[in-house]
Amino acid sequence: MSSNEFYNLQINGQTHAVKDAWIGESLLYVLRERLGLPGAKGACEQGECGSCTVFIDGKAVCSCLVMAASAVESEIATIEGLNSDGSLTDVQESFITEGAVQCGFCTPGLVMAVHHLLEHNQEPDEHEIKEALSGNICRCTGYGRIFAAVDVVIASRAEANR
Amino acid sequence: MSVRTTTQREVLGTSALRPDGAAKVKGDFAFASDLFAENMLWGATLRSPHPHARIVSIDVSGAWAIDGVACVITADDVPGQLTYGLISEDQPVFARDVARYMGEPIAAVAADHPETCRRALAAIIVVYEVLPVLSDPERAIDGSTAPIHPDGNLIRHQRIEHGDPTATGPIVVEGTYEIGMQDQAFLGTEAALVIPDHDGFGVEVFVATQWLHEDQKQMAKCLNLPVERVRIVLGGVGGAFGAREDISLQVHTALLALKTSRPVKMHYSREESFFGHVHRHPAKIWMRHHASQDGEIIRIDARFVFDGGAYASTSSAVLLNGITHTQGPYRCPNAVVEGYAARTNNPPCGAMRGFGVVQACFAHEGQMDKLAVACGLSPVEIRLRNAMKTGDMLITGQIMQSVAPVERCIRETDAIPLPPEMGDHPHELDLPGGSGLTADRSHIKRGIGWGVSIKNIMYSEGFDDYSTARCILADGVITLKFATSEVGQGFVTLAPQIARTILGIDNVITDTIDTDIGSAGSTSASRQTWMSGGAVDAVCRIVRERLFEAVGEKYSIDPVRLAIEDTDIIDTVGTLRISVAEASVGIRIDETFEFHHKPTSDLDEKGQGDCHVAFAFVAHRAVVDVDPELGLVKVVQIATAQDVGRALNPLSVLGQIEGGIAQGLGLAVMEEIIMQDGRVRNPSFTDYLLPTALDAPKVIAIMIEEPDPQAPMGAKGVGEPPCISVTPAIAAAIRDAIGKDITRVPVRPQDICL
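Listed in order, the protein sequences are those of chains A and B. Numbering of the first sequence is given in our numbering, commencing with residue 1 and proceeding in unit increments. Numbering of the second sequence is given in our numbering, commencing with residue 163 and proceeding in unit increments.
Same shape as in the complex, but just chain B (with noise of 0.2 Å):
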């Protein structure tokens, strides 16, 4: 199948292809791990091997004596702020006294060769005194356990008490709901090149990332350098998923190339990478739904508990969005829900695709499951009795003001055709298990699952959340600047889009992605669309006026005559009509813009405000084969209908679609990082499972483009939602499959045959 038809301009609706393409299939583009500089060294990180201990000594002696090795660093060498972090700075550059999860960085090295490093590494000398290790975040919220941090091992608690608490219904159901740990697992691992500048007194930064002034301001603190000293460039993105939000190897990095005051490079291994970056967080989510007899909810009570790994990252923000979204996408009325997330000394956990609601929408959907069971209805009879609208009341007081085709999102799933059913010979890799050969046809079973998702975009409680771009527009060409992190979502193909539909000029220049203009926020939270397409929207639209402006000077003409007719400017009540690469011949304007969402609030003690900006919306259906005696799952068809508001460029977002499946696949069938007693058992992609082509399911997508007028271009981010509710409709095939209930992802073999 292909979505891509020709059309003569790539303007908005288009499927415009993205300027980085050929660089990229020829292999030409420059990945941060590509990077290269003269009289370069290469950078390691000595890492804890115990999930927590008390640091007694660290000997560097051993490593400083290898010849090749320019630079050994520990805490002691870090001349500004000891910690970081996104929320809370709490998160050691270097562990000084104590780790507290295995692989918490202790020392880095600076040397000749990467092999060197090795060396060096393994030359230093660490004395620990283990310590017990806390790794059941109920025993970090009961207070059972001395702090395992300063800060304590509540990272935060939030309650949400909606309408009336003791509101009950004739139909009960509950259950507790378990996720586990899963990894971005990008494909390019973290790296970056740091070139001191300033007579080293400052940095040049290239470093994947996804938020580049947030990079900026902490390294600054770590560093002792004043903000300015510190220019980021992005590094070519290997891909993101909230992995690169977090400080990584930033500091580190930085550190060595200022003490050595040579060019350093660091690039993780895929072992590294898996200790080097925050988690998806595992969650434990008790839920009981009180319907009436026709399946309308009454009353929903609920507890999460989010593990939080041994520092805060963004746990705090992950906690409100999983339990702002308890209701998922339907009317509920009265509710009490109580949040914790806990600090552990299992890795640190943060942003990943999702944040949080992955794991409020595996309990809900398991609950509405259970409720359509409990009064005879079908799966998608009890999502459409409960399908949010628009201008319902959430359980956190805020009034739904998106445009929410929750009812459409379902009812159009619901109208793809279902996939044939196996047939009596099938092909082996069309079995569960693939070419192992050991599912046998006569004991395989379809099942068929649901799930539907709501998911905030843009930040949340508050945060004044910006973007900004810049666009010039010189003798027919524009040239657009931002800081916008490109991880592969495709914004640097949309905001040319954006500026040739605004302006008529198909030649559009993308600057440099870093820190010389202002910050366009996070490349995260399904916003760049919306932010950093309202900021280049924006931008150029002010440039437009400035032109209208100079054209109607020139031709003697009311610049609010004037508009653009596909590459022209035309008077709309005379005759002039003039190419706009001809009329700005000669022009130069200017302009700088910073686009901001309207303001949201933090929640009260009783969780209510109006604490997220906006909302979109997804149904999934899953049909799924499943071996029941050797536990195999094989995942056909995923039918799914998203509301994307206005899709800018479809073939773009055909590609999140499909690739948010892909990852939401993996939760449910097969990813998770497996943790025993804080060690990490899996770091590696031999062991930590990932879909691979044989695993991709038949994917039927529609887009449901009803532009939300609150929306720049009436586009919602789709990013996100795609990951979301896939999941729980894999679970609920599986369910429906087998007979048995699945209260976990990812589903183990033994979850289904034992």
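The shape of chain A in the complex, shown without the other chains (with noise of 0.2 Å):
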């Protein structure tokens, strides 16, 4: 196939070149297969079930309806993006505490909703934590205990801030 696009994406504070490319191909498309970034998964390419999940500036966006040529003016964090020390997010850590994992398809961007949902509100209500996960899908787990991981990030934050 024609593919000539050539242009960069800062991802997770780095540069990476994308060659190339063919100008259709989603955000992601090229953090899945020209960037070795496989992280976000695809699941309904219709932004419904938010596995896809990444944040571009600071928003919490389905990469699967983004075009990546649209994206070179900003900033892109995936779930790879997390762990560049090594270790595990506090919602990292409660997600497999709590059991909210289970075949993990709708983890990475579930992951990413929540730390989203906390930086910009410490302490949700029900209704908010229900809302703000609401586009994301798992289809394993009923969310019960995505929930209960969510509220031990939640109470364990409020107790280190005390």
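Everything labelled a hint here was simulated from the structure, so no lab data went into it. Among the hints, erroneous ones may be present.
Reference listing, derived: stretches of chain A covered by chain B, where coverage requires no fewer than 3 residues with Cβ under 8 Å from a Cβ of chain B [said to hold, decoys possible]:
1) 34 to 44
2) 52 to 63
3) 94 to 102
4) 105 to 118
5) 133 to 147
None of these values were measured; they are calculated from a predicted model. The beta carbon of each residue, even a glycine, is placed where N, CA and C say it ideally should be.
Both chains come to you apart, so use the hints to assemble them.
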């Protein structure tokens, strides 16, 4: 296929060169198939399930709906950027300990969504949590253990700030 | 709420954590769709746009002419058997002369980029002669239509006649119940990477599947390769729920890889996934219950019609499961049941969590509520009066040998406190319909409903089901090997728990899940804890005996005196105490064991026979808020008590319970593949609605632990029961709220307000 687009993306604080790309490729495709960043998952290609959630300039977005070439001016953050020092974040830790992970396909997107929520709202109530996570579909857990994981993070962060 | 308690050793009974958890939360875990190989091509499938059409001609030359296309294949390129199937091999790898459902594969391409594939598929010219569509299973059964397949339009008819078919009672209630077509909607769509090997005469297949050896067997036949030249390795699986039991892209991807001598990856889009796997059977069930004045069931008559779609898949087994669960978890001395699984031009239906019992349960629980009203009893009382016990005879003549705590499930569920009434000024998200702000508090009506179910676990009807496990103990490290598909349920957590418990060593490695060992059977039918857990349990016990022999010889102690206590080997009548890790230094014990369950038998022409292995039970109570004018429903709370035998990992069990409830809720109020004359109208997550965090009810779950002496480790499978009776419980709660009969699921707004 004739693919001759060249551009740079800023991802997790680093510049990534995208070479010989087709202009129509989504950010999700470029991350996964061209840049070796498969943490964001594709499950619906319509922005319904949130599995492909990344941050663009601090906003949580579905990377399947963003044309990669349109993000050249932006700072992109993916799940791979959460663990640059090798350790798990508190959200990731609590997802494991509270049983919020089963098949794990929705997990990277949900971890991103929870980080996004708690960055903007330190002590969300039950309704705010449910609304914030309602764009991320999980088919395995029924969400109960995911809510439990969020509660644990909120409590531990509140404790740390006391 | 946190159910986890910190323990030092992750043995049986503790909420051991997933060994793949860290990789999954970091996005590092390799799902099948994440796999990549040098020089890899992408594969894609051309599918029939028609539910029924004769294929007049296929011209693939346009696809070949596109730059970047490496291969185009059709039915003519299948080197081996042209069809496959789990029970009867009736499904073509590619349709050759006739397409029997919308989405049936016609051709496949391999190319350098998914977009090239899309263009190549668009360039293939297929001339169709559209044929009349058989979409009504009743017409398939009555013989009024021409056969749409050489095997005919009736996949299976089975009758059950038990006791006195003429027995009657003073109370008679009847109803007809419909269940819509549900999709498994796993998040990780079908994906495989196939690498040709053996100089082009073999393949290595990395695939997200539920049953590696069945894929291997079916692929080898279609590819005309010896079974040992098809090596299957489990690719990371993003959920399954039954949809990965049948072949989907396996043969296509392998053919493209063999033809091009290059690695080929295929990964379905969500839309293609809706067409690429089987669904839950839509069903229509009529039931008539005769009962005594005080509510005791005397006789049940029933007629089941399951729409199997265009190909058989597991329809005959789904039908058997449905009809043999007609009575539900209740005593029933007399029954006459007719069951039909029909072939239509609808999409093929097969396995989905609950496997025929979901449909039966919606009908029998609707009947129990009618019986309660007719007898002037509460929904709880009618169920308690009929609750099945161990030793009761089923309508198949089989004796219930499983622990059957039906009464306890009901009573413990009933004792769970109801949620508080909705206040005068509820949060908008607590209203039916949510933040649309369309429901008015003053219109909301609350309802409470019940569902109780029985589910067979393991395969049935004489199938010699087994699972294989290998355990190597060497220098203080245990290595476990099995071909048990991990789909998210957590067998990779459980297997090391078993080994640690039996062998007293915490360092357990789980080897690659592949076909280099014997079959583990399918991750389905709630069977892997029993079957593969049983295999791991047994092989670890054999290794322990061998270890005792070695230690006994070294210390001149009769091995029967040795035991493992925590992480030590001890002499039960002496003073020796040595850690297992230390004792196994310099020793290598390597054992393999094949675990079989007790044999079952076929049903005779009257539907009599010991066809099932074991059973599990559960009760659900649903509380809903309904806006009767808008037809909107909010499920507020689900209370449940589930018979689990023994909770080997309580956190995993809770995950199964909550996850199953969400899927049952989906079937109750939102999930349906909408069909119109054989056409799927909503193959996307925009139009096929799934429960989100906002739809999740408060779940209060009790695990009833009465270890089953027949089950290895006392544990029953827990995967399916949670999704079975929650659906009728929600439907019953809606009935209770609006005072109107509800006879189909999913319950649509028009079913409530019109």
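Cross-check of the supplied hints:
no.	hint	verdict
1	34 to 44	holds (count 7)
2	52 to 63	violated (count 0)
3	94 to 102	holds (count 7)
4	105 to 118	holds (count 5)
5	133 to 147	holds (count 15)
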